[in-house]
Amino acid sequence: MYDTWKIIAGLLVFIGFVTHPFILSIGKEKLRPNVEINSPEIMSLPEGERKCIEPKEFMRKEHMKMLNKWRDAVVREGKTLYVNSEGKSFNMSLQNTCIQCHSNKSKFCDECHKYAHVKPYCWDCHIEPKENIKKEAKL
Amino acid sequence: MSNIDRRDFLKILGVGAIVGIWGGSFFEIVNKRELEASIGSYKKAPEALQAKKWAMVIDIKKLNKKIINDCIEICHSIHNVPTIANPKEEIKWIWEEKFKNVFPEIKDQYLSYELMEMPVLVLCNHCDNPPCVRVCPTKATFKRKDGIVMMDMHRCIGCRFCMAGCPYGARSFNWRDPRQYIKNENKEFPFRMKGVVEKCTFCYERLARGLPPACVEVSQGAIVFGDIENPESAVRKILSTNLAIRRKPKLGTNPSVYYLL
Amino acid sequence: MLELSLKGSPRYWGWLFFLAILIGAGFLTYLYQFQVGLGITGMSRDVSWGLYIGQFTFLVGVAASAVTIVLPYYLHNYKKYGRIAVIGEFLAVSSILMCILFIFVDLGQPTRILNVILHPTPSSIMFYDMIVLNVYLILNLLCGWVILMSEKKGAPPPSWIKPFLYIAILWAPSIHIVTAFLYQGLPGRDYWMTAIMAAKFLSSAFASGPSLLVILSMLIRKFTNFDPGKEAIQTLAKTSAYFLVVTILFYLFEVFTAFYSGISSHQYPIIYLFKGLDGYSKLVPVMSICILLAVIGALILVTPPLRKWEVTLTIGAASTFLCMWLEKGITLVVGGFIPNPFGSVFEYWPTLPETIITIGVWALGFFVLTILYKIASSVKEKAIFDKYGEKQIKA
Numbered sequence: 445m446y447d448t449w450k451i452i453a454g455l456l457v458f459i460g461f462v463t464h465p466f467i468l469s470i471g472k473e474k475l476r477p478n479v480e481i482n483s484p485e486i487m488s489l490p491e492g493e494r495k496c497i498e499p500k501e502f503m504r505k506e507h508m509k510m511l512n513k514w515r516d517a518v519v520r521e522g523k524t525l526y527v528n529s530e531g532k533s534f535n536m537s538l539q540n541t542c543i544q545c546h547s548n549k550s551k552f553c554d555e556c557h558k559y560a561h562v563k564p565y566c567w568d569c570h571i572e573p574k575e576n577i578k579k580e581a582k583l
Numbered sequence: 044m045s046n047i048d049r050r051d052f053l054k055i056l057g058v059g060a061i062v063g064i065w066g067g068s069f070f071e072i073v074n075k076r077e078l079e080a081s082i083g084s085y086k087k088a089p090e091a092l093q094a095k096k097w098a099m100v101i102d103i104k105k106l107n108k109k110i111i112n113d114c115i116e117i118c119h120s121i122h123n124v125p126t127i128a129n130p131k132e133e134i135k136w137i138w139e140e141k142f143k144n145v146f147p148e149i150k151d152q153y154l155s156y157e158l159m160e161m162p163v164l165v166l167c168n169h170c171d172n173p174p175c176v177r178v179c180p181t182k183a184t185f186k187r188k189d190g191i192v193m194m195d196m197h198r199c200i201g202c203r204f205c206m207a208g209c210p211y212g213a214r215s216f217n218w219r220d221p222r223q224y225i226k227n228e229n230k231e232f233p234f235r236m237k238g239v240v241e242k243c244t245f246c247y248e249r250l251a252r253g254l255p256p257a258c259v260e261v262s263q264g265a266i267v268f269g270d271i272e273n274p275e276s277a278v279r280k281i282l283s284t285n286l287a288i289r290r291k292p293k294l295g296t297n298p299s300v301y302y303l304l
Numbered sequence: 025m026l027e028l029s030l031k032g033s034p035r036y037w038g039w040l041f042f043l044a045i046l047i048g049a050g051f052l053t054y055l056y057q058f059q060v061g062l063g064i065t066g067m068s069r070d071v072s073w074g075l076y077i078g079q080f081t082f083l084v085g086v087a088a089s090a091v092t093i094v095l096p097y098y099l100h101n102y103k104k105y106g107r108i109a110v111i112g113e114f115l116a117v118s119s120i121l122m123c124i125l126f127i128f129v130d131l132g133q134p135t136r137i138l139n140v141i142l143h144p145t146p147s148s149i150m151f152y153d154m155i156v157l158n159v160y161l162i163l164n165l166l167c168g169w170v171i172l173m174s175e176k177k178g179a180p181p182p183s184w185i186k187p188f189l190y191i192a193i194l195w196a197p198s199i200h201i202v203t204a205f206l207y208q209g210l211p212g213r214d215y216w217m218t219a220i221m222a223a224k225f226l227s228s229a230f231a232s233g234p235s236l237l238v239i240l241s242m243l244i245r246k247f248t249n250f251d252p253g254k255e256a257i258q259t260l261a262k263t264s265a266y267f268l269v270v271t272i273l274f275y276l277f278e279v280f281t282a283f284y285s286g287i288s289s290h291q292y293p294i295i296y297l298f299k300g301l302d303g304y305s306k307l308v309p310v311m312s313i314c315i316l317l318a319v320i321g322a323l324i325l326v327t328p329p330l331r332k333w334e335v336t337l338t339i340g341a342a343s344t345f346l347c348m349w350l351e352k353g354i355t356l357v358v359g360g361f362i363p364n365p366f367g368s369v370f371e372y373w374p375t376l377p378e379t380i381i382t383i384g385v386w387a388l389g390f391f392v393l394t395i396l397y398k399i400a401s402s403v404k405e406k407a408i409f410d411k412y413g414e415k416q417i418k419a
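From first to last, the protein sequence lines stand for chains A, B and C. For the first sequence, my numbering gives the first residue as 445, with consecutive numbering after it. For the second sequence, my numbering gives the first residue as 44, with consecutive numbering after it. For the third sequence, my numbering gives the first residue as 25, with consecutive numbering after it.
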């Protein structure tokens, strides 16, 4: 065939590009997220009342979508109360409701986010819990 | 399609793959935008203040240096508004201007000098017919049913069309990350990021908790706030017995902030 | 056909390399702006739009000016424009690309740009601007490419391209009218609050675009074997001449309305631009040069012997283009914001990073233009022309 070496070189570059994440992680430890749900605020609640807004499985899967719905409800519709599936009411606010219990952002939220390589930019504006306040300007 | 050559075949394959993948994922994304099983419901808080149309009356004669500074201070501190010294990039939600600059149509050398130089508080007028809402390409600034012209910081793309559209200069833009300019943060209210526009929002978060706007609270009666469509409200009562003017009425914006002379 | 752009003289590659350096510098500076924010520009709370939006406004006009060639040729069969119809369309493609880029670099949150599509707002002129700009880009790319391709193959263009051509002719004024509506519908800015804004935009577009095409055609004639034709260049110059005169007249109409009516709010921006206001006069030299260039351009382009002699024609065309660039690219946008809603003046001048990014975007536009023109001239070089200047399709 024509241009044999150019084609082979191109193929090698392509294969290298497509498989580089896998190649680079050969030999590295597979770090599963080590989520610590026991923040001081949660521990101070009695045993039976350590429940999030919605059940754990639902929150794991849908917390981002729920936060988006909360955002639209509070900002765009002026509704501030969320009545969950069990009838309990909550004030819809990331930094005033969610973070009140989950005050250990770096051991809770960031663990899974780092593992999934997700960088939510909520914290560009919403104030992080005290342990993680960075003073320098962020992207 | 019998005489299709290899080049055209590859082209059709490529385009088909792109359309198939994009089309399929677009369909999925659009369908999945709502929660799988929408649980929970959204309500207004029972203590929230409601109105058909919020309005504000500022009594110029009652304003003095202390009240003006208190109003600006409380507003900017509870909303984490940065203090930027450079006037090029400053951000202000409520501030002080001279009467002659606020009402240039009335400015005249033969009218009372004292009146012309009097300090006046200016802020977003939450117009009934707001040009800023009309021009916003993403509805990041929008008019709520109760008359407040709101800002959705999550949606703003920072095009600054609203700033060009506002005839009152009420809007500020975050030319840089504002966090470096905030000394004392109010932990119950977020900051803004760089690249979005901000302005007074009639303290919508306080209204939702049943409180009046912060400037109204510290104004010692110089600022009155209420539902202008309710004949029993304080604003209606004041407006029916006093002479009040609005800024640039000729422009058809129908502002909701009145100034008592 | 892209492979035609890969063969070129060292001068061609040198030019592309030079542009690539400018693009790189602009891109790196943009990364800096993306990191720090728009505060690195000269824009302020009072003058919230500056060089970027000014350049966008000007380039929309240049893009729309392709219609001055397309309309006479495709609608009225003005054969002299046969050789350069594609040249005009490709200029439109490059200009619109620059427009879209200028809007992009001006945004505070560019990663959210899709919000304009996800949340359509029919009341916002910017929404329509986004639609018309993108459609116009696709239209011109499609029309220019298909027609050039059929020329390369030595056949007449396919008949299905005709509706797209007619739509493109209608679309061209619309992109500029929509951009003018961005300005003339804002109640608080007296410099822009005039019904003649859309007409001014169109006339300045049809003055600046053809002037640029005159210069580009002469450059193409110099650097390639493709000759756009003396007649075509002359007609372009005549178009530019009369639209320049109309633009100057429109501006004088504005001055009359502002000063005869005595309404000071309409006068202040004009006074600021021409004489200075409250001691602030940064834009007065800009406006003075603009007037000088307008006079030179108009005199040369309107006078037939000066227009025929290509030395003066170049000067005249360049003057016209630069004059419109200064007027639309800087003074229009900045003048609208001065004085501010409280009557005071806060001046604007672009900063160095802002200028580098602007040059980078222009360089990208010229890069795309060079490549497209290389393709076009490579195709057209091979055509044979008869004694009437009409193209003979190769046997």
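Since the hints were made in silico from the structure, they are not lab data. Treat the hints with caution; some may be incorrect.
What the hints assert, rightly or not - Pulled from the structure, derived: some chain C residues nowhere near chain B, Cβ distances all over 12 Å:
1. Gly32
2. Phe51
3. Leu62
4. Thr65
5. Ile141
6. Met154
7. Tyr190
8. Arg213
9. Lys254
10. Leu273
11. Leu323
12. Lys332
Unchecked claim - With a cut-off of at most 25 Å between alpha-carbon atoms, the simulated DSS-like pairs for lysine-lysine come out as follows:
13. B:Lys188 / B:Lys280
14. B:Lys86 / A:Lys495
15. A:Lys523 / B:Lys280
16. A:Lys513 / B:Lys86
17. A:Lys513 / B:Lys87
18. B:Lys182 / A:Lys509
19. B:Lys186 / A:Lys513
In this text the structure is predicted, and so the values were computed from the model without any measurement. Don't be surprised by glycine CBs; every beta carbon is placed ideally from N, CA and C.
Evaluated hints:
| no. | hint | verdict |
| --- | --- | --- |
| 1 | Gly32 | holds (25 Å) |
| 2 | Phe51 | holds (19 Å) |
| 3 | Leu62 | violated (5 Å) |
| 4 | Thr65 | violated (8 Å) |
| 5 | Ile141 | violated (9 Å) |
| 6 | Met154 | violated (7 Å) |
| 7 | Tyr190 | holds (27 Å) |
| 8 | Arg213 | violated (7 Å) |
| 9 | Lys254 | holds (40 Å) |
| 10 | Leu273 | holds (27 Å) |
| 11 | Leu323 | holds (36 Å) |
| 12 | Lys332 | holds (44 Å) |
| 13 | B:Lys188 / B:Lys280 | holds (23 Å) |
| 14 | B:Lys86 / A:Lys495 | holds (21 Å) |
| 15 | A:Lys523 / B:Lys280 | violated (29 Å) |
| 16 | A:Lys513 / B:Lys86 | holds (13 Å) |
| 17 | A:Lys513 / B:Lys87 | holds (14 Å) |
| 18 | B:Lys182 / A:Lys509 | holds (20 Å) |
| 19 | B:Lys186 / A:Lys513 | holds (19 Å) |
Hints 3, 4, 5, 6, 8 and 15 from the earlier list are contradicted by this structure; the remaining hints agree with it.
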